[in-house]
Amino acid sequence: MLAPDPARLAGRLAFLREAERLKSVLRSGYTSIGRAESTAEHSWRLTLMALVFADQLPGLDVARMLKLCVVHDLGEAIHGDIPAPHQHAHPGKSAQERADLHTLTRDLDPPLRAEIIALWDEYEAAATPEAKAVKAFDKLETILQHNQGDNPPDFDYAFNLDYGRQHTAGEPLFAELRAMLDADTVARAAAAELAREELGGRNAEGLAEHGRKG
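Final position of the sequence shown in my numbering is 205; the numbers increase by one with none missing.
Just so you know, the hints here were simulated from the structure itself, not pulled from any lab data.
It is possible that some hints are incorrect.
Claimed, not checked - Label pairs and their computed distance ranges (CB to CB):
no., residue 1, residue 2, range
1, Glu189, Ala105, 55 to 61 Å
2, Ala105, Leu190, 51 to 57 Å
3, Glu106, Ala1, 17 to 23 Å
4, His70, Gly161, 28 to 34 Å
5, Ala186, Thr94, 42 to 48 Å
6, Leu152, Lys14, 27 to 33 Å
7, Asp46, Ala116, 25 to 31 Å
8, Ala149, Arg36, 20 to 26 Å
9, Ala86, Glu106, 16 to 22 Å
10, Gly50, His70, 32 to 38 Å
11, Glu184, Gly50, 40 to 46 Å
Bear in mind that the values here come from a model prediction, so they are computed numbers and not experimental data.
Every residue, glycine too, gets a C-beta built ideally from N, C-alpha and C.
Based on the sequences and whatever the hints tell you, model everything.
See below:
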């Protein structure tokens, strides 16, 4: 066992305090009780997802995948998340997140800081089989949450049918999971449309009744 280095430990605690910001960064999705989902919550279930499906991806380094999951959105801790439909208007998103990650890790000892930044770069570039797998899981977890969430009436389910498809094609596991989640998306979209139609009908009836009374 290594002898504790107080300065190194203090730096790591300082980093963890900074990383806590991710708990307050909100995404476009909602939880099943209708509360906005945080990026930290997304990262947690992404990590869990990679763990429970890892046995379906023989040959990949599971520990590395889990590290990539934990690190992949750390760069959002300072300036927040940009929802996928709006990212085309923010071409500097990746550079900003990388700069923020450098700020976030400034108190870490150099080897650990370099490891975290290298993991983020690996994920961002989808540079390894593990990073490609985590990219796919990232898209699938997002769709899973959108289908599970108690979302606003105008939630755009149709966007999910094309979202991240280039990352989930090819590998049989991801293609099968995608097909299952796409079916859920279609069902949620249909249910949401029916609810809107029923609400519109009730509103029309209410207006007509009000007119008769007036």
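Outcome of the hint check:
1. Distance hint check for Glu189 and Ala105: the Cβ-Cβ separation is about 56 Å, which falls inside the suggested range of 55 to 61 Å.
2. Between Ala105 and Leu190 the beta carbons are some 54 Å apart, a value that agrees with the proposed interval 51 to 57 Å.
3. Look at Glu106 against Ala1: about 19 Å separates their beta carbons, and that is inside 17 to 23 Å.
4. Hint check: His70 to Gly161, Cβ distance near 32 Å, so the stated range 28 to 34 Å holds.
5. Remark: the range hint 42 to 48 Å for Ala186 to Thr94 is upheld by a beta-carbon distance near 44 Å.
6. A hinted range of 27 to 33 Å for the beta carbons of Leu152 and Lys14 is consistent with their spacing of about 30 Å.
7. Look at Asp46 against Ala116: about 26 Å separates their beta carbons, and that is inside 25 to 31 Å.
8. One distance hint, 20 to 26 Å for the beta-carbon pair Ala149 and Arg36, holds here, with the actual separation near 23 Å.
9. Separated by about 21 Å at the C-beta atoms, Ala86 and Glu106 satisfy the suggested range of 16 to 22 Å.
10. Distance hint for Gly50 and His70: a CB-CB separation of about 36 Å, consistent with the stated range 32 to 38 Å.
11. For Glu184 and Gly50, the hinted distance range of 40 to 46 Å is satisfied, since their beta carbons lie about 43 Å from each other.
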